[in-house]
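A.B. asks: Chain order of the listed sequences is V and E.
Sequential numbering of the first sequence, starting at 1, is according to the numbering used here.
Sequential numbering of the second sequence, starting at 1, is according to the numbering used here.
Calculated from the structure, these hints are not laboratory results.
Check each hint, because a few of them may be wrong.
Simulated DEER-style distance windows between Cβ atoms [stated by the list, open to error]:
| hint | chain 1 | residue 1 | chain 2 | residue 2 | range |
| --- | --- | --- | --- | --- | --- |
| 1 | E | Gln109 | V | Ser64 | 31 to 39 Å |
| 2 | V | Ile113 | E | Glu117 | 44 to 52 Å |
| 3 | V | Glu117 | E | Ser77 | 41 to 49 Å |
Where is the CB? At the ideal position from N, CA and C, for every residue including glycine.
If you want the building blocks of each chain, they are given just below.
2 protein chains.
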Amino acid sequence: MFVKHADEEPVNEVAAGTNTSMQVLVSSDEGPNFALRRFLMEPGGGMPLHTNAVEHEQYVLRGSARIRIGEETFDVSADDVTFIPAGVPHSYEVTGDERFEFICVVPNQPDTIELVEEWGC
Amino acid sequence: MFVKHADEEPVNEVAAGTNTSMQVLVSSDEGPNFALRRFLMEPGGGMPLHTNAVEHEQYVLRGSARIRIGEETFDVSADDVTFIPAGVPHSYEVTGDERFEFICVVPNQPDTIELVEEWGC
């Protein structure tokens, strides 16, 4: 059992992103079934199109972004919810001047991230 | 895959609570491993001491409350995170004049809620 403030948690740069970092709020060692993380994307930041081996259930806290999931694009802001199934390509692009923050819950299962190349040569 | 705004989801009264309701944002039918819900507790509301058969991973969105977990009491507000293991007694009491809102994630496992009687006779 614990109670903590999210701002106290270490901030880890996300290598696959731009101006993007992540905090583990409830880790896979602490929670028996899933992990609770908070992503922070600064203005101009985001993540390129990629897939994960696990699903995401997300809740937007503040800021705004354009999110692509599969072939669809959505403009999201506070209190929007997204469900991204495992293996579905998705990307994030911060819009506006505020930091984009969202909760992202993932199951305690091995994950791999793979960037999606749309235009080969 | 979907994107939705939390305010659009049906609001279900929580029978065990006072002035307390809940929205299912990602259901156990939609998410393969866990469900994402939002609880809304109006000023004066809350939930009495109880246990659940499953753990809770929670993120406070807005408002404030006094939460008891086991033998400890915490005053929580926006961006606080709580982890309540399965079987640990917990209660909620809204403090202040604003609605208390939080995300609560639970695994896709059978749950039962049991009220805790502290003073028998």
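A.B. asks: State for each hint whether it applies.
C.D. replies: How the hints compare with the structure:
Checked against the hint of 31 to 39 Å, the pair Gln109(E) and Ser64(V) passes, with Cβ atoms roughly 35 Å apart. Here the CB-CB span from Ile113(V) to Glu117(E) is close to 48 Å, well matched to the stated 44 to 52 Å. Between Glu117(V) and Ser77(E) the CB atoms are about 44 Å apart, so this pair conforms to the stated range of 41 to 49 Å.
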